[in-house]
Amino acid sequence: METQVEHTERLTILSLSGRFDAHTAPQVRETLLRLLDEGHHHILVDMARVNFVDSTGLSTLVGGMKRCRQAGGDLSLLQLQPPVRIIFELTRLDKAFEIYPDRETALASKGE
Amino acid sequence: METMETVTLTVPAHTRYLSLVRACAAELCHTIESLSHREQVIYDIQLVVSEAVTNAMLHAYGSRPDGRVQVVFSLLPGRLEIDVYDWGEGFDPTAVPEPDLEEPGESGYGLMIIRSLMDEVGYRRDPVQGNRLHLVKRVGGAT
Numbered sequence: 001m002e003t004q005v006e007h008t009e010r011l012t013i014l015s016l017s018g019r020f021d022a023h024t025a026p027q028v029r030e031t032l033l034r035l036l037d038e039g040h041h042h043i044l045v046d047m048a049r050v051n052f053v054d055s056t057g058l059s060t061l062v063g064g065m066k067r068c069r070q071a072g073g074d075l076s077l078l079q080l081q082p083p084v085r086i087i088f089e090l091t092r093l094d095k096a097f098e099i100y101p102d103r104e105t106a107l108a109s110k111g112e
Numbered sequence: 001m002e003t004m005e006t007v008t009l010t011v012p013a014h015t016r017y018l019s020l021v022r023a024c025a026a027e028l029c030h031t032i033e034s035l036s037h038r039e040q041v042i043y044d045i046q047l048v049v050s051e052a053v054t055n056a057m058l059h060a061y062g063s064r065p066d067g068r069v070q071v072v073f074s075l076l077p078g079r080l081e082i083d084v085y086d087w088g089e090g091f092d093p094t095a096v097p098e099p100d101l102e103e104p105g106e107s108g109y110g111l112m113i114i115r116s117l118m119d120e121v122g123y124r125r126d127p128v129q130g131n132r133l134h135l136v137k138r139v140g141g142a143t
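Residue numbers (the working numbering), protein chains in the order written: chain A, 1 to 112; chain G, 1 to 143.
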């Protein structure tokens, strides 16, 4: 899985690409923990190029969201592909996360 | 008498093989001519198989590097059966409680996904013949 990190004035955007499963989730978890350690608690995860998410991927994102919120920030999601979005709906995690259709909407909502 | 075609795939218990298992499941589903909602069902089957095999790799074997997981796909008229075998400690996903959807946690979604997307789910512990997770999906008309 490819990961790319960008920083705006107040936000960190983590772009993921590929399959988010039990094999690749540890890499994402490590990246999220590093960002949190560095003090980045307002994170957008761009899922536009993620074509598969399993329960390990979901758990990794929930863990990141909880840690961000504990630190006074949040972890939000961008651009879920339709088959991936269905898994969020199935587990009702679409209610737990802020999910934005595109980057412009997310940045505007976050006051950027 | 029902005709049945089976495909068996055995992989080492390492998560690097998950994509191979999913690819096999997807290709097999593509051979089912009567599949309705084809792309979504194929995605669902890949997801369920991935969840089941992940459980076997991570929970049945723990950190043991020598384990193997066997997946048997059986195509019958109107149904796809998937049996996932391990020879480790066993992990009965049907005994795992459902996650609390009001307070999202960091585990428990795998079983929920399996139960939601499959029509039948069963588990049998058998260290000799292999612990077996049995999954059934009805797939419309004849295969």
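Everything labelled a hint here was simulated from the structure, so no lab data went into it.
Certain hints may be false.
With a cut-off of at most 20 Å between alpha-carbon atoms, the simulated EDC-like pairs for lysine to aspartate or glutamate come out as follows [claimed, not checked]: (1) G:Lys137 x G:Glu81; (2) A:Lys95 x G:Glu98; (3) A:Lys66 x G:Glu81; (4) A:Lys66 x G:Glu103; (5) A:Lys95 x G:Asp100; (6) A:Lys95 x G:Glu81; (7) A:Lys95 x G:Glu103.
The model shown is predicted, which means the values in this text are computed figures rather than measured ones.
Cross-check of the supplied hints:
1. G:Lys137 x G:Glu81: holds, 6 Å
2. A:Lys95 x G:Glu98: holds, 17 Å
3. A:Lys66 x G:Glu81: Not satisfied, since the Cα-Cα distance of roughly 37 Å exceeds 20 Å.
4. A:Lys66 x G:Glu103: It holds: about 11 Å lies between the C-alpha atoms, which stays within 20 Å.
5. A:Lys95 x G:Asp100: Holds, at about 13 Å.
6. A:Lys95 x G:Glu81: Cα-Cα ~33 Å, so violated.
7. A:Lys95 x G:Glu103: holds, 11 Å
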